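Undergrad: The primary structure of each chain is shown beneath.
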Amino acid sequence: MTKTTQGEHLLEVRDLRTRFNTERGSLYAVDGVSFTVDSGRVLCIVGESGSGKSVTVRSLLRLIDPPGEIIGGTAFFHGQDLLSMSKKQIAAVRGDKIAMVFQNPLTSLNPMMTVGDQIAESLLLHRGVSKAEATREAVSLLRQVGIAAPESRVGDYPAQFSGGMRQRILIAAALACRPEILIADEPTTALDVSIQAQILGLLKKLQSEINNALIMITHDLGVVASIADDVMIMYAGRIVERAPVREIFARPRHPYTQGLIYTVRALLDPDRPLHPIPGTPAIPLGEKKGCPFAPRCGYVQEVCRTKTPELAPLNQDHVVACHVLPQGSAAHA
Amino acid sequence: MILSAALSRLTRMVFVMLGVSIVVFGLVQLAPGDVATTLLGPQASEVAKQALREQLGLDQPITTQYWWWLASTLQGDFGNSIVSRSPVLAEVIPRSLNSLLLAGAALLVAVAIGVSAGIASAAMPNSVFDRISMSFVQVVGTLPPFWLGLVLVYFFALKYRLFPATGMTKAFGGGDAKDIALHLVLPAVTAAAASTAVIVRMVRAVFLEVMAADFMMVARARGVGTLRLLSHHALPNCLPHIITIVGLQLGYLIGGVLFTEVVFAWPGIGQSLYQAILGRDIAVVQACVLLIALSFVLINLAVDLFNSYLGNRTSHS
Amino acid sequence: MTNTVHHTSVDRAGSSARSSRLRMLLRTISRDRKLSFLLICLALLAGIAILAPVLSPYDPIVAVAATPNMPVGSPGLILGSDNQARDILSRVLWGARISLIVSILPTLAATAVSIVIGLLAGFFGGRIDTVLMAVLDVFFAFPIVLLAIAVAGVMGPGLLTIIVSIFVVLLPYVTRVARTSALQVVSRPYIEAARSAGGGQIAIMLRYVLPNMIGPVIVYATTLIGLMIVVASGLSFLGLGVQPPAADWGAMIAEGAGVLRQAPHVTFIPGGMIVVTALLFNLIGDQLRDRFDARKAE
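Protein chains in written order, with the working numbering: chain A, 83 to 415; chain B, 5 to 321; chain C, 184 to 481.
The shape of chain A in the complex, shown without the other chains (with noise of 0.2 Å):
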């Protein structure tokens, strides 16, 4: 990704790998995942369920329970390495640094404490503020991310407020500290269409006012072509390519990301034949050799079932883990 002016990123993930311990044997949800995060900029990780996008963010704050444990790799933010800090640290930096929204905005409120007091709670914890003055901050939050008549509602309870309003209520008391990252897991998935859009374009607004790094985890090719300045894609557990967002959109080099965005193109385009990619996506379960989508790729090669491909720069910004495609002259784009 682009370097800042200092040459450093905000947040260095190098190699991280999270496996769960099940009774059918280990699961390696995220299997040597590196990237990097700047301010300002918006990065979207895209995958299927079971790709790993959840687990790898979940990561970097440590809300791993067992039977998942952090294996190895370490995310170096300021100076510090996130998957090594004792628990009073990364307590101290969720919330305050890094904040996180999740998915599911009917479950993620707690039904019992107004929603001041939710959005006023991580500055309660990590400002020291006051409670007055925490409640007049919440009531400014409300606003700015549209909830209408703030100082009215700021003592209401989730339940009367609306799906789409309570993911705004979840984005203001994410964004109440003031975070340096900020992580949207799926924000808008269990959302109308309409609002949607309007919850993108909070984030975007948001972001233009605190300059905060955005990472997005999505399945939807869509929010990535509205708003992401990088795109990172994810199976089984790896990164399988990484590039600036038009870059992904016009010359896909993955046969994963090839599938995904030619189906995008094929459902826009009547006139194109719809090539779905047969197969479902694969769980990694135990330590396998070789690429985990070669059992659906439709340029599989005997390497591939045997090595491991691992990420290889195709040109400036653009990455790729494959042994076949980005060799050849690869002429679909």
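Any given hint could turn out to be false.
Now the in silico label distances, taken between C-beta atoms and shown as ranges [what the hints assert, rightly or not]:
#, chain 1, residue 1, chain 2, residue 2, range
1, B, G108, C, R444, 22 to 32 Å
2, A, H301, B, S235, 33 to 43 Å
3, A, A394, B, Q142, 54 to 64 Å
In case anyone wonders, no lab produced these hints; they're calculated from the structure. Note that the structure is a prediction, hence the values are computed from the model and not measured. Positions of the beta carbon are idealized from the N, C-alpha and C atoms, including for glycine.
Got chain A; can you put chains B and C on it based on the hints?
TA: Below, chains B and C alone, put in the same frame as chain A:
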């Protein structure tokens, strides 16, 4: 909104109590034995018995008898006890208070032990402590209260004279608060056993469910520490369920203290009922059954209303 | 013509589904080691109860010991003698019969009756259902112990009294579950389809609704057996069950209360048997419920 719900439940309660009164009246009619014979004795002449029947209105059609009985009962006249020949209500009320004392003490014990054990188990699910406490609770919940009472009496009253074995007060010179408290310990623990088991299991289940909720993860992601998570985030969500469970247990205790009262000779309404059944004291039986059923229904109604009041908070708009 | 053809093929599918469902059920049970173990224990207990006349060393109602209240481990009396010099072991064995009868019989009866009532109320709904709910409400106003004692008090002491008491106590609870289960099945799309396709209502009710609603009812009733054993023995304890000198665990506890200080075993042993038996049934009920819920979730 809440008012209309309360009103409809109240009306339903009235109908239910009407049904209860029919059952209570009807049961007594089904009982073998002739009232006149019971009152006058088997030696009495048929003429005397017939006169008494007419006097008591027993020769009237049954529906008429029912209305008369219902009318007088609602006015507080439950008739006279065959044994003591004095008004039943005056006898039964103080005994109800004794039962309430016992049930209340049992509830206190059950809540204190149940809630703390439940939370502790939920805090360490599937740990050794959790497994042991769940097994222990399973056994305790199965113990017959009359047997448990005798076991406790043997160990704590007879073998090691820590507590008195029976009664509510000392035979002579007792009656103060300390005396009653001493007498209350064993019966309260006995009556509390089954309720404690239920409360431990339910509290544990509620806590585990709340801890697994999405909003708990969201709070953690905000940097909230364990203590605050439990007290500010989890507890307010557990409390309604816990209160419901405790309320229901109070209802069951009121119904279930009977065995404990018999074993410990505690002078409560359950003991009265039992004696009355053995002695065929019909009026007392009716009064006791009605009062116990009424309190049971009232408590359930209160729990029901409490739940519907809370239902507003957790609904989606 | 089409109607009959459709009917037959569905019917055949229905009956073969039924027998294979039974086979599946048996296979599920045999694969569950915990449940199998518990059921074997139950079978042993039942066997001991049935064979009580053969297994018990002495006549349970006759004084056979040298003195009353002989302790456990006395020569010839493994569990000692009670306050009337009778052999406790023999009385325990014979008491097992009564405990099993008064818990299992009423449960079977209540299950059968509740299924009929619940099925009718759930299927036809309307006024039948409303009346049923009103009647159930009245029954639920009585705490269990109270209702049991009231019925027993009316009928006078005896074995039949206990059986009827337990039946009356169980019926409202199991019927409520049966009604809910029937309603749930009736609301399923294939029932609606069958009803609108015509054909006898009774046939639909018996062939499609009945087999699918029974499961939860049986599972629920099984979880109540343990509690009923305790309640039944409580009634005996109060003297409302079989009369002395008959051997019954609840009555034995009452008899032992008089000699609690000098011979606690007379009270402890029958109580222990009640606990073990009730626990066994509770564990079985829990296992069945877990298995059933797990299968429903699939």
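Undergrad: If a hint holds in the structure, say so; if it does not, say that too.
TA: Quick rundown of the hints versus the structure:
At roughly 30 Å, the beta-carbon separation of B:G108 and C:R444 lies within the given 22 to 32 Å, and the hint holds. Separation of A:H301 from B:S235 is about 37 Å and conforms to the stated range, judged on CB atoms against 33 to 43 Å. Between A:A394 and B:Q142, the C-beta spacing of about 60 Å keeps the proposed range 54 to 64 Å intact.
Of the numbered hints stated above, none is contradicted by the structure.
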